[in-house]
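Chemist: Single-letter residue listing:
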Amino acid sequence: MFKYVEMLFQHWIRFALLIVVLPAIAGGASLLVFQGKTGSAQVWVDNPSYFGTVSTASGWNQYLTPAQNTVDSLTQLVATQSYYDKLGARLLADHTVANASERDSVLAEVQTQLKISSNGSHLINLSVECPRASICIDVLTTTIAVHRDWLIETEKNQATVASQFYTGQLQLAQQRLTQAVDALNSYTAAHPTPQLQVRPPDPAQDRLQSDVNVSQAQVNTIQDKMQNIQFSMEAAGEIDQTALRVIDPPRVKSGRFTSTTKKLALMIGGGAVVPGLLYLFVLGWLDRTARNPRELETRLGVRVVSTIGNLLSEKAP
Amino acid sequence: MSELAQRQDVEEAVNSALNPAPPNLGFAPLARERTRPVNFPPWFIDRCRQAYLAVQLAEHGAPRENRVIGISSAVHGEGKTSIAVGIATAIAADTSEPTILVECDFASRVGFQDLFGLNRGPGLCEWLDGMERLRLVQAAPLENAFVLPAGDPGIDPARLVFRLTESHLIPRLKPSFKNIIIDLPPMINIAYSSLACRLADRILLVARYGVTMMEDLEKAMFLLGQERVAGVVMNSYQPRTPAWLRRLL
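Listed in order, the protein sequences are those of chains A and B. First residue of the first sequence? That's 1 in the working numbering, and the numbers climb one at a time after it. First residue of the second sequence? That's 1 in the working numbering, and the numbers climb one at a time after it.
In case anyone wonders, no lab produced these hints; they're calculated from the structure. Some hints here could point you the wrong way.
[Unchecked claim] Footprint (simulated), chain B over chain A, 3 or more residues, beta carbon under 8 Å:
hint, region
1, 9-22
2, 295-306
[What the hints assert, rightly or not] With the Cβ distance kept under 10 Å, some of the chain A side facing chain B (calculated, not the full set):
hint, residue
3, Glu6
4, Gly309
5, Asn310
Here the structure is a predicted model, which means the values were calculated and not measured. All C-beta atoms, glycine included, are put in the ideal place defined by N, C-alpha and C.
Pulled out of the complex, with its shape left as it was, chain A reads as follows (with noise of 0.2 Å):
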């Protein structure tokens, strides 16, 4: 360790220039090459619950915050080919980018860039790095209506399934409703009671309208679950607008210097003292003469007795 100390002291000029100067030079370069904007927005997310019966929180996790679960399903989503192909569409179609190949490079940046976390229980933040404003205001924009669009079609995908099925039960306890009141009405002609006469207690009949009030409740319930997701399905996209609000808008932070631009600084500037140490290591591992008298003594197994400096120089070690 001694020997490779005291070969960076001994050409220190050179030791300046390759593990100083020189990776300063490079970080401070890259500082001006990877320049770019940081753009964020954030966004407010509602609690289910307060849209009544109409469901915007399908695949929830009970356990976490809207935040949470906002952000979890915002991951996915832009861990997703579509929406990279609705992005890099949205990009050309507004002009962000001239063209494909740089469309193809920005969206590999967001890929590692866009990042999406939560800020207590309702608030989201989403920030991106880009190369210019324009690009990380219309990623981020692209994002937030992507996830809406998402939001509003997995509302009306699923009503519409709910709607078809109950519309098939619907017909089924209609048929059923009609079967019992028309064995009712059967049972009820077979059986005449004379009018001013107290009906005699009748099993029969009294199973009868039984039937007829449970078909006919049957048929109210499935009524009112239509009429629900008929709602959700005409509220969805103002429902969606109102859960998923944008509080501040997607804007660019001043300053050139992203994390990444800094990263990246950081990065070749230490990459740049790696040949300077690289030189150094080879020529203290060259270098086999006698420098550190605690190596002396350890190899040879005799003591230094004295040292002494150089007569020339005039001046004791």
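Fit chain B to the given chain A structure using the hints.
Modeler: Here is chain B on its own, set in the frame of chain A:
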């Protein structure tokens, strides 16, 4: 070889160096040969002092007869000779005892003649060949410090080192010089270095910061033997790492 051991001129040279003849009345005193003063900074001498004080020559409590310290290194050019001179200067100044610095590195590029500004002349090699008397030169400005330059080793320094070990010169210098510092040849690539190292009781191994290879030091340690090496002196130690950081590492 035995004739070298029996030659009496060693004692004569030592006596004449340590006890110069008193001047006759009316004549100028016979000047001893002196070196040019070597001006090492005080901090350098102090660091050399730290090195020689760390050399344990005898067991704790046992009386110390002489210090015979060899200074060696793995290869040439690590500042071994400068440190040997610094250690000799520090010992001579501290102890006031007669101290001699012997140059046994016959292949050194920077010899005592250059370092001390000595005239080209005979030295240890010529004495070993039996051609000249032993030349002891006072190391100015200290009165009790002397140097024994190598002279010209010619083409066969290994033979001279072998003769040196056979001559028992160091044991014969011991009675007169309490401190003997030997500038030894480097251990690697010099065939006779292991032989020369036998002249010293303990050896300090010099390594130059940022120059000496660890593998060379390990090889030198292997050749010297760990038990004979008193320690390592790190020369030209100028770490660029701040002291507070060095303490943490």
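Chemist: Determine for every hint whether it applies to the structure shown.
Modeler: These are the hints, each one checked on the structure:
no. : hint    : result
1   : 9-22    : holds (count 3)
2   : 295-306 : holds (count 11)
3   : Glu6    : holds (5 Å)
4   : Gly309  : holds (6 Å)
5   : Asn310  : holds (4 Å)
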